[in-house]
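What follows is the residue order along each chain.
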Amino acid sequence: MMSTKIELNDKKEKKYDIKQLIVRNSVPIMFIVICLGGTIASKLGPAYVLNELIARLDRNLLLVLSLIIPVLAGMGLNFALVIGAMAGQIGLITIKIFDIGGLPGILAATLIATPFAIIFGLGTGSILNRTKGQEMITSLILGYFAMGLYQLVFLLLMGTLIPVKDPEIILPGGIGLKNAIDLNLIKYSLDKIWQPAIMGVKIPVVSFIIIAFFCAVIWFITRTKLGQDFRALGQDINIAKVSGIDVDKTRLIAITISTVLAAWGQIMFLQNIGTLQTYSSHEQVGMFAVAAILVGGASVTKATIGEAILGTILFHTLFIVSPNAGKNLLGDSQIGEFFRAFIAYGVIAMSLVLHAFQKTIMSKAKRD
Amino acid sequence: MKNLWKKSIERYGYPKVYITIFLILLLIIAVIQKQSIPDLLIDSLIRIGMNSILVLAMVPGIVSGTGLNFALSIGILCGILAGCIAIEMRLVGLTAFLVAVLINIPLAAVAGYLYGLLLNRVKGDEMTVGTYMGFSMVSLMSIGWLVLPFKNPDMVWAIGGRGLRVTITLVDKYDKVLDHLIKFKVFDRNLPIGTLIFFGICCLLMWLFLRSKTGAAMIAAGDNQKFAEASGINVNKQRMIGVIISMILGGIGIIVYAQSYGFFQLYQGPLMMPFVAISAILIGGATAKKASIGNVISGVILFQALLTISLPVINKMMPEGNLSEVIRIIVSNGVILYALTKMGGNE
Numbered sequence: 001m002m003s004t005k006i007e008l009n010d011k012k013e014k015k016y017d018i019k020q021l022i023v024r025n026s027v028p029i030m031f032i033v034i035c036l037g038g039t040i041a042s043k044l045g046p047a048y049v050l051n052e053l054i055a056r057l058d059r060n061l062l063l064v065l066s067l068i069i070p071v072l073a074g075m076g077l078n079f080a081l082v083i084g085a086m087a088g089q090i091g092l093i094t095i096k097i098f099d100i101g102g103l104p105g106i107l108a109a110t111l112i113a114t115p116f117a118i119i120f121g122l123g124t125g126s127i128l129n130r131t132k133g134q135e136m137i138t139s140l141i142l143g144y145f146a147m148g149l150y151q152l153v154f155l156l157l158m159g160t161l162i163p164v165k166d167p168e169i170i171l172p173g174g175i176g177l178k179n180a181i182d183l184n185l186i187k188y189s190l191d192k193i194w195q196p197a198i199m200g201v202k203i204p205v206v207s208f209i210i211i212a213f214f215c216a217v218i219w220f221i222t223r224t225k226l227g228q229d230f231r232a233l234g235q236d237i238n239i240a241k242v243s244g245i246d247v248d249k250t251r252l253i254a255i256t257i258s259t260v261l262a263a264w265g266q267i268m269f270l271q272n273i274g275t276l277q278t279y280s281s282h283e284q285v286g287m288f289a290v291a292a293i294l295v296g297g298a299s300v301t302k303a304t305i306g307e308a309i310l311g312t313i314l315f316h317t318l319f320i321v322s323p324n325a326g327k328n329l330l331g332d333s334q335i336g337e338f339f340r341a342f343i344a345y346g347v348i349a350m351s352l353v354l355h356a357f358q359k360t361i362m363s364k365a366k367r368d
Numbered sequence: 001m002k003n004l005w006k007k008s009i010e011r012y013g014y015p016k017v018y019i020t021i022f023l024i025l026l027l028i029i030a031v032i033q034k035q036s037i038p039d040l041l042i043d044s045l046i047r048i049g050m051n052s053i054l055v056l057a058m059v060p061g062i063v064s065g066t067g068l069n070f071a072l073s074i075g076i077l078c079g080i081l082a083g084c085i086a087i088e089m090r091l092v093g094l095t096a097f098l099v100a101v102l103i104n105i106p107l108a109a110v111a112g113y114l115y116g117l118l119l120n121r122v123k124g125d126e127m128t129v130g131t132y133m134g135f136s137m138v139s140l141m142s143i144g145w146l147v148l149p150f151k152n153p154d155m156v157w158a159i160g161g162r163g164l165r166v167t168i169t170l171v172d173k174y175d176k177v178l179d180h181l182i183k184f185k186v187f188d189r190n191l192p193i194g195t196l197i198f199f200g201i202c203c204l205l206m207w208l209f210l211r212s213k214t215g216a217a218m219i220a221a222g223d224n225q226k227f228a229e230a231s232g233i234n235v236n237k238q239r240m241i242g243v244i245i246s247m248i249l250g251g252i253g254i255i256v257y258a259q260s261y262g263f264f265q266l267y268q269g270p271l272m273m274p275f276v277a278i279s280a281i282l283i284g285g286a287t288a289k290k291a292s293i294g295n296v297i298s299g300v301i302l303f304q305a306l307l308t309i310s311l312p313v314i315n316k317m318m319p320e321g322n323l324s325e326v327i328r329i330i331v332s333n334g335v336i337l338y339a340l341t342k343m344g345g346n347e
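Line by line, the protein sequences give chains H and D. FYI, this note's numbering numbers position 6 of the first sequence as 6, with every residue one higher than the one before it. FYI, this note's numbering numbers position 254 of the second sequence as 254, with every residue one higher than the one before it.
Calculated from the structure, these hints are not laboratory results. Positions of the beta carbon are idealized from the N, C-alpha and C atoms, including for glycine. Just so you know, not all the hints are guaranteed correct.
As a list, the in silico DSBU-like pairs of lysine-lysine whose alpha-carbon atoms are at most 30 Å apart [stated by the list, open to error]: (1) D:K290 <-> H:K359; (2) D:K290 <-> D:K6; (3) H:K241 <-> D:K226; (4) D:K123 <-> D:K151; (5) D:K237 <-> H:K359; (6) D:K2 <-> D:K213; (7) H:K302 <-> D:K123.
Covered stretches of chain H, going by a simulated chain D footprint (3 or more residues, C-beta under 8 Å) [what the hints assert, rightly or not]: (8) 222-229; (9) 332-339; (10) 347-353.
Just chain H, with the same shape it has in the complex (with noise of 0.2 Å):
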């Protein structure tokens, strides 16, 4: 009774309030502020900003939608996405091994990535099923766990397990892949297929009718049966359990998702990008994707397709603009390459401070 009252409030402000509305989206609104202000200090042309803007929104956005379903399923942001990452470019090596290029080549990496990135994404959810509560500090430490497997698979075991010879992507001992493995055989084959200019701003059709596709997925996957076990997981765990959902197997699910999302968001990223640094193009694709989508006005127990959309925007404006801005502004681009480094940091720490905040304030007014 009182929870739907509370809602009912809730609706009123948002209609007639916009005061409530500012305070509301109060992280959107300063990076708006911050982004406008860094796009005219880096004197950069509205034609630049713009194509670099396409381009990253490209490349990025799937990887941050595939942050929605685990943020519903109450296991906050996965900053395990590294490892469905890992999965993508699992597809792209093999590939590349047999040398299948354009879209067939982009297919194939697909199909090789989603078996990997299902087994991957089990693994992920069955560890974090042991560490309810700490799923994020978790996720963040098996990132960089799974970054070391990666690392001894591709150092170790190709060449030597894995019969592979070719020169080009085999290190000159023979053991080991090269550091950076070209994707010229693929390069593009998504965003050219229809790649219109608008005023001088190249827009790739079909990657983002692509991307407009998964948005959809994800809104209808909400709506089903499993959409709402995962809601009603976020809202309360043990009521959810009460009620019958299997907790356990639904939160495997919803990782799982996740995981290949982040796997074919990671081969449309890389087919944009053109080059695998084999080593390190994953690193940062979990930091990257979080901050994106909590700059867009998500938090740790809510996320819409809007806000991953926006963030996104907002988030590589910044990505964009703030070494040129840095330079005008305070004469050295290093502080502005700094300055975006603590924003994808701090928004983060702030997002993960204020979720504390609410969840004591929660359970203080649970006690009394």
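Keeping the supplied structure of chain H fixed, place chain D upon it in accordance with the hints.
Below, chain D without anything else, positioned relative to chain H:
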């Protein structure tokens, strides 16, 4: 045999037993490869002394109930700042080292106090919040290193005359002042006796502190918050003391590290340092809730010996790539991951 295995696992925990076995294996391989065992052992000893105080810094955080201090980098930043101020004052030798330690104490205490205020409001999420607070402070301080008004040409970029260098060398300043404080040569190599004695004194002080009245209250607060509150202990205050001591030790730890290593590493240098200290104490048998001086000593010995010995041994087996670095990542994060799963969920 099976019984012995079970008993040792129960007593020491999986990480310690497995790491010990791994270390023994590495030593056997080193003998087969005809590596110079005395050199390996002395190198290990130097690395153990270098990292020892940083690992000790984990203890007050854990026993006061704030968990593994993933934000130790904040204390480390204070230590580096203090070390740079000592260089700016153009001090050398042991004086410089001691002044750096003295300057570090108020800096780290203030930082620890502010961080403690935050931690007391985010109970239960200390580790997640701490990790990202640490990361963001390291990147904020990266801007700091660029704009702070340091003038000493030994530290500032030669071109432009502004901003500290990425690595600041301590040669001719206080390089190895503790390591070589007491000259003792074995196989023509200096043993870091001074650093080890300093570590011993710090351990002794910590041991005494944990047995003092304040220390006992702190352990009680960390052990069971509700019970401690009921018996009249101010839990928040005890947690605060734990965090402050941890940060101060973090700062001293990096100064000790730097004098032995010979350099300060600024900018992104401190980013992952807390993780190394955390893995070491966990290997020593500590958990996110319990830690002792014994855990510190055995942890730092096992982990640093492993890292030091694995480098030449593995590089000889596999010259391509840096496999020893990969092993460091896997061991270090694997151990932390294991500790997290051991904590269990709070359903």
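For each hint, the structure was consulted:
no.	hint	verdict
1	D:K290 <-> H:K359	25 Å, holds
2	D:K290 <-> D:K6	21 Å, holds
3	H:K241 <-> D:K226	27 Å, holds
4	D:K123 <-> D:K151	42 Å, violated
5	D:K237 <-> H:K359	21 Å, holds
6	D:K2 <-> D:K213	43 Å, violated
7	H:K302 <-> D:K123	21 Å, holds
8	222-229	violated (count 0)
9	332-339	holds (count 5)
10	347-353	holds (count 4)
Hints 4, 6, 8, counting from the list given before, are not met by this structure.
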